[in-house]
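Trainee: For the sequence shown, counting from 1, position 47 maps to 47 in my numbering; every step adds exactly one.
If you are wondering where the hints come from, they were derived from the structure by calculation, not from laboratory data.
These numbers were taken from a predicted model, which means no experiment stands behind them.
Where is the CB? At the ideal position from N, CA and C, for every residue including glycine.
Please note that a few of the clues may not be correct.
Stated by the list, open to error - What follows is a list of derived Cβ distance ranges for each label pair:
no., residue 1, residue 2, range
1, Lys11, Gln79, 27 to 37 Å
2, Phe17, Leu108, 13 to 23 Å
3, Arg91, Asn38, 14 to 24 Å
Claimed, not checked - Under the rule of at most 25 Å between Cα atoms (straight-line distance), these lysine-lysine pairs were calculated in the BS3-like manner:
no., residue 1, residue 2
4, Lys3, Lys32
5, Lys32, Lys11
6, Lys62, Lys18
7, Lys3, Lys39
8, Lys35, Lys3
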Amino acid sequence: MRKSYRVKSEKDFQKVFKDGESVANRAFVIYKIEKTENKHFRVGISVGKKVGHTAVIRNRLKRYIRAVLTEYKTEIDPQIDFLVITRPYARNFDMTEVRKNLVHALTLAHVIKEVPDENEEKESERHSD
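Let the sequences and hints guide you as you build the complete structure.
Mentor: Spelled out as structure tokens, the structure:
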């Protein structure tokens with residue numbers, strides 16, 4: 001994900017925190033604010049030391065989060081800035097758990113449209129045969 005897609009400055013982070021709406025599940029908190037002047041969405045990712053004591057753990061989670069966001073890039077509303085705050089519950093997540101929990105949180109926050117569950121898709125395919 002290119003740097004132009006990131007919320008970088010402390011001022012921008014604080015604006016989203018103060019003025020944005022928040023939604024959470026057990027693994028992630030999503031703060032969202034409308035920015036109609038944006039050409040594309042911007043995201044800030046925060047993984048604190050409570051989540052992982054070593055930089056290796058924190059950086060791995062950030063990589064997983066960025067990979068999921070890149071995967072769903074076309075689904076994300078371009079007119080928003082949002083923050084993804086990781087909770088300690090996500091400490092030992094692998095890529096599939098990060099994807100499942102992050103997509104759930106983003107859907108709750110209306111950052112992405114409802115994504116059909118893979119199991120539901122397989123069920124509907126079986127019934128259509």
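Trainee: It remains to establish, for every hint, whether it holds in the given structure.
Mentor: Cross-check of the supplied hints:
At about 20 Å, the CB distance of Lys11 to Gln79 disagrees with the hint of 27 to 37 Å. A hinted range of 13 to 23 Å for the beta carbons of Phe17 and Leu108 is consistent with their spacing of about 18 Å. Judged by the Cβ atoms, the range 14 to 24 Å given for Arg91 and Asn38 is violated: they are separated by roughly 32 Å. Under the criterion of a C-alpha separation no larger than 25 Å, the hint pairing Lys3 with Lys32 is consistent with the structure, at around 19 Å.
At most 25 Å may separate the alpha-carbon atoms for a hinted pair to count; Lys32 and Lys11 meet this at roughly 15 Å. The straight-line distance between the Cα atoms of Lys62 and Lys18 is roughly 23 Å, inside the 25 Å bound, and the hint therefore holds. Only pairs whose Cα atoms come within 25 Å are accepted, and Lys3 paired with Lys39 is accepted, the gap being roughly 14 Å. At most 25 Å may separate the alpha-carbon atoms for a hinted pair to count; Lys35 and Lys3 meet this at roughly 17 Å.
Taken one by one, the earlier hints fail for this structure at numbers 1 and 3, listed in ascending order.
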